[in-house]
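The listed protein sequences correspond, in order, to chains A and B. Residues in the first sequence are numbered consecutively from 1, following our numbering. Residues in the second sequence are numbered consecutively from 1, following our numbering.
Take the hints with a grain of salt, since some may be wrong.
[As the list claims (entries may be wrong)] Which residues of chain A face chain B? A few of them, derived with a C-beta cut under 10 angstroms, are:
| # | residue |
| --- | --- |
| 1 | N28 |
| 2 | H29 |
| 3 | Y31 |
| 4 | Q41 |
| 5 | F45 |
| 6 | S55 |
| 7 | F65 |
| 8 | M89 |
| 9 | F91 |
| 10 | R95 |
| 11 | Y104 |
| 12 | G106 |
| 13 | R110 |
Simulated from the structure, these hints should not be mistaken for lab results. From the three backbone atoms N, C-alpha and C, an ideal C-beta is built for every residue, glycine too.
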Amino acid sequence: EPEVTQTPSHQVTQMGQEVILRCVPISNHLYFYWYRQILGQKVEFLVSFYNNEISEKSEIFDDQFSVERPDGSNFTLKIRSTKLEDSAMYFCASRPGGTQETQYFGPGTRLLVL
Amino acid sequence: GEDVEQSLFLSVREGDSSVINCTYTDSSSTYLYWYKQEPGAGLQLLTYIFSNMDMKQDQRLTVLLNKKDKHLSLRIADTQTGDSAIYFCAEKHRGGGNKLTFGTGTQLKVEL
């Protein structure tokens, strides 16, 4: 069964550094999402992406964050200058579109900012 | 605003039924979901219910939706140790990017 994949599974970075989290959504899906889960807290929506543009973003998704679909398979989340509070598990999700509403999640990337 | 609440912990004996409850505030929610998260793992979709349904059964899982009270529950029959995990309910909102709002998660512990 097709799955959403994410790399790396873990990333440790220094405060102020840039990180790029990578996702490969399910191949025929059209809508893509990033969520994050700070340890012990709720899963929070960051951004949704469709047709090569952001369709919705949360207050968390400020100018430090950007998303890109650089080719036909990858979907990336870039954090320009990481802060300690960006430490979290970042989940990518995708859904087919049309009447198919269900979002399928990847295994997550655990980001630790030191 | 949008809010989804769940109780934090539930402990059951193996073989018993588990009932995990969720309340939400957005009356325009179209779909409601249950996801399972095992330790260190991602979010696994368990089941979902469309907002015009009252009940959905899927093998050991039964979802009940009370739209008037904005209350969702997940019943797991014959709970097994492998069901120990955190269970999140989530609601899908109309419009925009159709984002999901997640509950706090309920940690289910299954004891022998």
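To see whether the hints hold, each was checked on the structure:
Taking 10 angstroms as the C-beta cut-off, the interface hint given for N28/A is violated, the closest approach to chain B being about 17 angstroms. Given hint, H29/A at the interface with chain B, is violated; its Cβ is 13 angstroms from that chain's nearest Cβ, farther than 10 angstroms. Satisfaction of the interface hint for Y31/A is found here, the shortest Cβ-Cβ separation to chain B being roughly 7 angstroms, below the 10 angstroms cut-off. A distance limit of 10 angstroms between C-beta atoms decides the matter here; for Q41/A the minimum to chain B is near 8 angstroms, and the interface restraint holds.
Checking F45/A against chain B: minimum C-beta separation of about 4 angstroms stays under 10 angstroms; hint holds. Interface restraint check for S55/A: the shortest CB-CB distance to chain B comes to about 4 angstroms, inside 10 angstroms, so the restraint holds. The closest approach between the C-beta of F65/A and any C-beta of chain B is roughly 15 angstroms, which is over the 10 angstroms cut-off, so the hint fails. For M89/A, the interface hint holds, the least distance from its beta-carbon to any beta-carbon of chain B being 8 angstroms, beneath 10 angstroms.
A least Cβ separation of about 6 angstroms between F91/A and chain B falls short of the 10 angstroms threshold, and the interface hint therefore holds. Annotation: R95/A was flagged as interfacial toward chain B, and the flag holds, the nearest CB pair being 8 angstroms apart, inside 10 angstroms. The beta carbon of Y104/A comes within 6 angstroms of a beta carbon in chain B, closer than 10 angstroms, and the hint placing it at the interface holds. Because the closest C-beta pair between G106/A and chain B is about 6 angstroms apart, less than 10 angstroms, the hint holds.
Annotation: R110/A was flagged as interfacial toward chain B, and the flag holds, the nearest CB pair being 8 angstroms apart, inside 10 angstroms.
Checked against the numbered hints given earlier, this structure breaks hints 1, 2 and 7; the rest are met.
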